[in-house]
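S.K.: Chain by chain, the residues run as shown.
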Amino acid sequence: MDEARTIQLAQKGDLAAFNRLVLAYQNLAYNVAYRIMNDSEAAADACQEAFISAFKGIGKLRGTSFKSWLLRIVTNACYDQLRYQRRRPSASLEQITGEDVGDDTDHSRWLVDDQAGPEELTIGRELHALIQQGIACLPADQRVVVVLSDIHGLSYQEIAEVTGVSLGTVKSRLSRARARLRDYLRAHPELLPTEYRLI
Amino acid sequence: MFEPRDRSHRQVAELLSAYLDNMVTADERRLVESHLAGCQACQQQLLALRQTVNLLRRLPPIALPRSFVLREADLAPRSPLTRLRRPFSRGFGRAPALATGVALVLCAAFLGTLLLTTRTQPSNLAMQPAASPVVGTASRPLPTHVVAPAPSQTPSEAIAQVPVTLLPTATPTGTAAEVMPETRREDTARRTLTVPSELAEKVAPAPRADELSGATPVPCEVNASCQVTAAMLSPTPALAPSTVASPVPGGPAGATAPQVALAPAAPHPQLALPTAGVASATPGAMAAPLPEQPEGESRDTLRAAGAAPSSVIPMAPALNAPVLITVTNPMLVIGPGVITISGWLPLPEGILVQAEVWRDGRPLEWAIPESQLTRLGAAGSFSLHLQARLDQPDLDLSEAPPGDYEIRIRSLDERLSAEARLPLPVSGDDTTP
Numbered sequence: 036m037d038e039a040r041t042i043q044l045a046q047k048g049d050l051a052a053f054n055r056l057v058l059a060y061q062n063l064a065y066n067v068a069y070r071i072m073n074d075s076e077a078a079a080d081a082c083q084e085a086f087i088s089a090f091k092g093i094g095k096l097r098g099t100s101f102k103s104w105l106l107r108i109v110t111n112a113c114y115d116q117l118r119y120q121r122r123r124p125s126a127s128l129e130q131i132t133g134e135d136v137g138d139d140t141d142h143s144r145w146l147v148d149d150q151a152g153p154e155e156l157t158i159g160r161e162l163h164a165l166i167q168q169g170i171a172c173l174p175a176d177q178r179v180v181v182v183l184s185d186i187h188g189l190s191y192q193e194i195a196e197v198t199g200v201s202l203g204t205v206k207s208r209l210s211r212a213r214a215r216l217r218d219y220l221r222a223h224p225e226l227l228p229t230e231y232r233l234i
Numbered sequence: 049m050f051e052p053r054d055r056s057h058r059q060v061a062e063l064l065s066a067y068l069d070n071m072v073t074a075d076e077r078r079l080v081e082s083h084l085a086g087c088q089a090c091q092q093q094l095l096a097l098r099q100t101v102n103l104l105r106r107l108p109p110i111a112l113p114r115s116f117v118l119r120e121a122d123l124a125p126r127s128p129l130t131r132l133r134r135p136f137s138r139g140f141g142r143a144p145a146l147a148t149g150v151a152l153v154l155c156a157a158f159l160g161t162l163l164l165t166t167r168t169q170p171s172n173l174a175m176q177p178a179a180s181p182v183v184g185t186a187s188r189p190l191p192t193h194v195v196a197p198a199p200s201q202t203p204s205e206a207i208a209q210v211p212v213t214l215l216p217t218a219t220p221t222g223t224a225a226e227v228m229p230e231t232r233r234e235d236t237a238r239r240t241l242t243v244p245s246e247l248a249e250k251v252a253p254a255p256r257a258d259e260l261s262g263a264t265p266v267p268c269e270v271n272a273s274c275q276v277t278a279a280m281l282s283p284t285p286a287l288a289p290s291t292v293a294s295p296v297p298g299g300p301a302g303a304t305a306p307q308v309a310l311a312p313a314a315p316h317p318q319l320a321l322p323t324a325g326v327a328s329a330t331p332g333a334m335a336a337p338l339p340e341q342p343e344g345e346s347r348d349t350l351r352a353a354g355a356a357p358s359s360v361i362p363m364a365p366a367l368n369a370p371v372l373i374t375v376t377n378p379m380l381v382i383g384p385g386v387i388t389i390s391g392w393l394p395l396p397e398g399i400l401v402q403a404e405v406w407r408d409g410r411p412l413e414w415a416i417p418e419s420q421l422t423r424l425g426a427a428g429s430f431s432l433h434l435q436a437r438l439d440q441p442d443l444d445l446s447e448a449p450p451g452d453y454e455i456r457i458r459s460l461d462e463r464l465s466a467e468a469r470l471p472l473p474v475s476g477d478d479t480t481p
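Listed in order, the protein sequences are those of chains W and C. Residue 36 is where the first sequence starts when you use my numbering, and the numbers rise one by one after that. Residue 49 is where the second sequence starts when you use my numbering, and the numbers rise one by one after that.
Just so you know, these hints were derived from the structure itself, not from any lab. Fair warning: there could be bad hints in the mix.
Calculated lysine to aspartate or glutamate pairs in the DMTMM-like style (CA-CA distance at most 20 Å, straight line) [unchecked claim]:
| no. | chain 1 | residue 1 | chain 2 | residue 2 |
| --- | --- | --- | --- | --- |
| 1 | W | Lys-47 | C | Glu-120 |
| 2 | W | Lys-47 | C | Asp-122 |
| 3 | W | Lys-91 | C | Asp-122 |
| 4 | W | Lys-102 | W | Glu-196 |
Build out the structure end to end from the sequences listed, making use of the hints.
M.R.: Right, here's the structure in full:
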C-alpha cells in the first residue's frame, strides 16, 4: 500500500482508501486502546470512534505521520471513554480504578501462548493478566506512555507527537510508569518467571 | 523497596529509565554510570527496570474482536451519548436496510412460488420437464437435470441450489430462456412490491425437491408459509442470482414455464468486490459444474447478486455432504495479515460459522484462529475477520504465491452442514473491485 497516496485519496473522501488505512492500523489502534482501557468492549468502542473521527478529520492531516496522528485520536478516544466511565461508575469501578479486578478479566484468553505446556500456560496467563492489571493501575497519562513505548515500541519523539507533550515529560512519565510497574510486579514474585525473580 | 537516600541517588533513579533507552545526554550518562559503579542498590534498580520493560515487550498482541472498517452508516451523525457508548455489535446500524431487504425477499419468494405452482402442474411436476426452471442468465436453453437429465449427467448431479430472490415477471412464458434486460428486472422489482401480500396465502406448497428428482432434498424456505424448492435442483452450481425458465429440449411445445428473475442488485456502497458468493460444487457431492457455461457469464450473473438474503435453510438432520450455499452481498477486504468478509448466508440466526482460506484445494495454515468463529446475526448476517496467526502478523496475502484461492465459510452446527465458497483475488490492488 502506498500510504501517502492512500492518505491523499482518503482526504478526498474516498472511504475505500481510508479503509485500507484502517486495515493497516486497526491492530495497532485496538491493541493500544485495549492496553489503555483494559476492557475489550470499551477498547473496541474507542477504536471505532477514533477511526470515524479520523476519517472525518483526515483532511486536516498535515506534516505529521498518519500513525502518530491516528494514535493521538485513539488515545483521546480512550480518555473520552475513561471520563465517561468515571461519570458512570456503575459501568465498572474496578476497571476505572484498576483495583482488584480479580480473576475475572477476560483478556487472559488472548494472551495464551499456544506453544506453551500446561504449566507454562497457566503461569503465562496469570503473569500477563498481572502485567495488564499493573498497567491498568497506572494514571492514565503514564499508562498511555508506557503502552506506546514498551508494548508498541514507539520512540520518545513519536510518543511526544501522540500525546502532545514535550520529550522531557515523556521521559518523566515513562520513568514513573516503569517504576510503578516494577513495584507492582515485585508484590507478586510468585507469578514471575524464574529469570525475572531478581526484580 | 529501594529508598533513595541522597540527591544523587534520587537523580540517578529518575534517569535510569531514559538510560535504558539510551535517551540521556552525555553528561547524564556519565553521572549514571559513575553512580552505578559504586551503588549496588541502583544496579539492582536498573536490572529490575530492564526486566519490567522486557516483560512488557513480551506481551503478545491481542486479536481484534472485529474489523473496524468503516461503512457509510458508521459516518452518520449520532448523539453524544451514542458516540461514547455505541453498541458493540455493528449489526444494529444496518437493521433498517436489512429489514427492507428481507421484506423484498419475502415478497419475491412468495410470488416466485406462486408462479412455480400455478403455471405448472403441481400435482405431478416430475412429469412436466418443461416446467423445470434453470438457474442462470444464459441466452440459450440450458439443460435441466431436475426431471429430464441430459445424457451426460445423472440425477445425483442435481444441485442443491439455494435460490436467490426469485421475482416473477409479466412476460408470457413458454419460450426459450432469455436474459431479462436490466431495466425489465427493475420494473419487475417495482411491480413486485405492489402485489398484495394476501396472495401469499394462495400459494400452494411447492413440490419437494426429493419428489422432483430424488436428489438429496435441501429444504429451503423464506418463512414457514412459503417454500421455494424448484430452483434448488438447478444444474448450475455456480449461478445463484438470476433464474430464468428454460424449456427442456424436446419438451412439449409451448409448455408453460415460470420465468423468474433476480431482483436488481443492490450493490454494497463500499468495497464490494466482484467476487460474489459462489455455491460451488463439492467434489462428489450434490453439485456439478455447469456444462457449457462460460466463466464470464457466471461472473456477470453473480455480480447481480446482493440485494438481500433470500432464504434460510432451516435446521435439518445432518446431511452427508455440505449443502452449498451462496453468500449474499459479500464484501471482501484484503489487508496485510487480515481478510475481512461480511455478507449474509441463507442459514438461521445463531448458527456458528467458520471461515478459512484455501489455496488449490487445501486450507492455508493461517486460517483464522478458532477464537474468531462467529455466530450468524439477523437474517444470516455475518462479519468474519480471517486474521493471520499471531506468529505471522505480517503475512500479506496480496503478495502470496499464485494459486486458486478461495474463502470457505462453513457452518459448524452438527444439525446443518453447509458451506459457501468465494473466489479470492490475491494479486493486484488489494481492494479494487
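S.K.: A separate judgement is required for each hint: does it hold in the structure or not?
M.R.: Taking the hints in turn, this is what the structure says about them:
1. Lys-47/W with Glu-120/C: holds (15 Å)
2. Lys-47/W with Asp-122/C: Holds - the C-alpha atoms of Asp-122/C and Lys-47/W are around 18 Å apart, at most 20 Å.
3. Lys-91/W with Asp-122/C: Satisfied, since the Cα-Cα distance of roughly 11 Å is no more than 20 Å.
4. Lys-102/W with Glu-196/W: Since the Cα atoms of Lys-102/W and Glu-196/W sit roughly 10 Å apart, the hinted pair holds (cutoff 20 Å).
Comparing the model with each numbered hint stated earlier shows that all of them hold.
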